[in-house]
Amino acid sequence: MTERIVIVGAGTGGIVLANNLAEELATEIDAGDIEVQLVNDGEDHVYKPTWLYVPFGEKTLADATRPLVDLVDDRIDLTIDRVDGVDTDDKTVSLAGAGVDESYDHLVLAMGAQVTPEETPGLAEGGHHFYGPEGAAALRDELAEFTEGHLVVSVVGVPHMCPVAPLEFALMADAWFRDRGLREDVDITYTYPIGRAHGIESVAEWAGPLMDDRDVEVETFFNAERVDPDTKTIHTVEGRELDYDLLVAIPPHDGSDLVREAGLGDDGWVDVDPNTLEARGADDVYALGDVADLPTSKAGSAAHYAAGALADRLASIARGERPTAEYDGKTVCFIESGTDEATYIAFDYEESPTPKPPSKLIHWSKLGYNRSYWLTARGVL
Amino acid sequence: MSETDERADVTVDAVGSSCPGPLMDLIGKMKSVESGTVVELLSSNEGTEKDLTEWTEQSGHELVDIVDHGDHQSYYVRKR
Ligand SMILES: Cc1cc2nc3c(=O)[nH]c(=O)nc-3n(C[C@H](O)[C@H](O)[C@H](O)COP(=O)(O)OP(=O)(O)OC[C@H]3O[C@@H](n4cnc5c(N)ncnc54)[C@H](O)[C@@H]3O)c2cc1C
Chain F
1 MTERIVIVGA GTGGIVLANN LAEELATEID AGDIEVQLVN DGEDHVYKPT WLYVPFGEKT
61 LADATRPLVD LVDDRIDLTI DRVDGVDTDD KTVSLAGAGV DESYDHLVLA MGAQVTPEET
121 PGLAEGGHHF YGPEGAAALR DELAEFTEGH LVVSVVGVPH MCPVAPLEFA LMADAWFRDR
181 GLREDVDITY TYPIGRAHGI ESVAEWAGPL MDDRDVEVET FFNAERVDPD TKTIHTVEGR
241 ELDYDLLVAI PPHDGSDLVR EAGLGDDGWV DVDPNTLEAR GADDVYALGD VADLPTSKAG
301 SAAHYAAGAL ADRLASIARG ERPTAEYDGK TVCFIESGTD EATYIAFDYE ESPTPKPPSK
361 LIHWSKLGYN RSYWLTARGV L
Chain L
1001 MSETDERADV TVDAVGSSCP GPLMDLIGKM KSVESGTVVE LLSSNEGTEK DLTEWTEQSG
1061 HELVDIVDHG DHQSYYVRKR
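Line by line, the protein sequences are chains F and L. Take 1 as the starting number for the first sequence in the working numbering and just add one per residue. Take 1001 as the starting number for the second sequence in the working numbering and just add one per residue.
Derived from the structure by calculation, the hints contain no laboratory data. Be a bit skeptical, because a hint or two may be false.
As the list claims (entries may be wrong) - With a cut-off of at most 20 Å between alpha-carbon atoms, the simulated EDC-like pairs for lysine to aspartate or glutamate come out as follows: (1) Lys-1029(L) x Asp-105(F); (2) Lys-1031(L) x Glu-219(F); (3) Lys-1031(L) x Asp-228(F); (4) Lys-1079(L) x Glu-225(F); (5) Lys-1031(L) x Asp-213(F); (6) Lys-91(F) x Glu-261(F); (7) Lys-1029(L) x Asp-267(F); (8) Lys-1031(L) x Glu-118(F); (9) Lys-91(F) x Asp-77(F); (10) Lys-91(F) x Asp-105(F); (11) Lys-356(F) x Asp-212(F); (12) Lys-1031(L) x Glu-225(F); (13) Lys-1029(L) x Glu-119(F); (14) Lys-1031(L) x Asp-254(F); (15) Lys-91(F) x Glu-3(F); (16) Lys-1079(L) x Glu-118(F); (17) Lys-1029(L) x Asp-254(F); (18) Lys-1050(L) x Glu-201(F).
As the list claims (entries may be wrong) - Distance ranges between label pairs, derived from CB positions: (19) Ser-1032(L) x Gly-99(F): 35 to 43 Å; (20) Thr-233(F) x Thr-1011(L): 30 to 38 Å; (21) Thr-1011(L) x Glu-350(F): 27 to 35 Å; (22) Val-1067(L) x Leu-182(F): 48 to 56 Å.
For each residue, glycine too, the CB sits at the ideal point set by N, CA and C.
Using the sequences provided together with the hints, build the complete structure.
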């Protein structure tokens, strides 16, 4: 009997997993003993970190995408369709377009996170974001016209994709306006929901003085309750008001209705064992990347390392061996701290991160990584 | 049932979440409730008391009571 592994979502986690499985299980797949199906609701793979550079005109939206067929191993059955139901009793997923149910022996959910600006009244109308292609392009046009006034970078939702992207955006905006000789005419404020500049303590300690140096105002315990697009004011749960001319918000995030409906996690994130990535709510179901409720950041690197460990586990299970590989929470995030320098943090479930002093070398490494990312997606790196 | 229990209109269960999860869950709920509502936050995280005390001091919402259940705490906060 053929063992079927179905992966839902061909983002960073899903594609690295599929390509690793193709390599590890090549013999079994060629013999017809194992099938790996990768289902994605669009034809392209999207590398979301590119969107950070789009507003500053440094990258285009096209730079963020590649056709999946060019990236996914031929041994994988690539299906372009949307999964609109998961039945963990029958062990099937339903494909919305084809209108069929596909059975699985092992299911991996890797649907990523969704942004939901509409959850905060007025935010979609009054604010911009760089957390999606349309948002990043609209913000690019807005920034190009913006020559003076108050730029507010506000973290509305936590957790969100890439823990450091909001800090990066504020620091890049500072450098970008300086480079263009406009910084004196632009005030920049960065807001964060809790009592420090960042959720990770060492990053907050590093960022505080840096923001001071760059003349970026930091407002903490700042939780946007609603935005008034007419008066350009943010009203917070804390009873404060902040006026802006241009609002760049990190929108609230949501997991997936599929997860809620399948009883795999009440809040849309799959409740999993953080080391084995096995769902707690059903047998033979795993979750990977942003959709998994893991005690690490929603970062591509976390999805990538977790995919490596899960590929090893699934390959062992499919071969009838005992799985031993585990994900230890490894996450690496580069942090742009201007337009030509960067730092990075590396951490896992045990170790807390410490940012290194920013340098041009690390900035070039981040740009280099962004280019070589397509090799990661192909499973080469 | 103590007096405080009766006063809780809504409960947010964040037991097992790490920092700043519990505070964020509470703040998320505070966005959607009416002024005067008492929200009970369940948390087992050590940092919650400090975070929450600071947040309520800054925001003017009232930390009405803290009840220790051994393995977790209930924090009662009234929206101003
Ligand atoms: C602006 C920005 C900057 C970032 N910068 C960094 C960075 O510098 N470093 C870093 O490590 N991370 C960064 N990240 C985070 C990183 O992009 C994500 O953590 C990563 O993409 C998560 O991978 P994933 O596989 O879980 O989900 P995704 O890459 O989001 O992929 C999910 C896939 O599932 C598909 N899908 C969803 N639902 C369904 C369905 N029902 N049926 C079929 N398919 C479905 C989606 O279309 C998508 O293709 C950044 C993110 C953003 C937005």
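| query | Where does the structure disagree with the numbered hints, that is, which hint numbers, in rising order? | reply | When the structure is compared with the hints, numbers 1, 5, 16 turn out to be violated.
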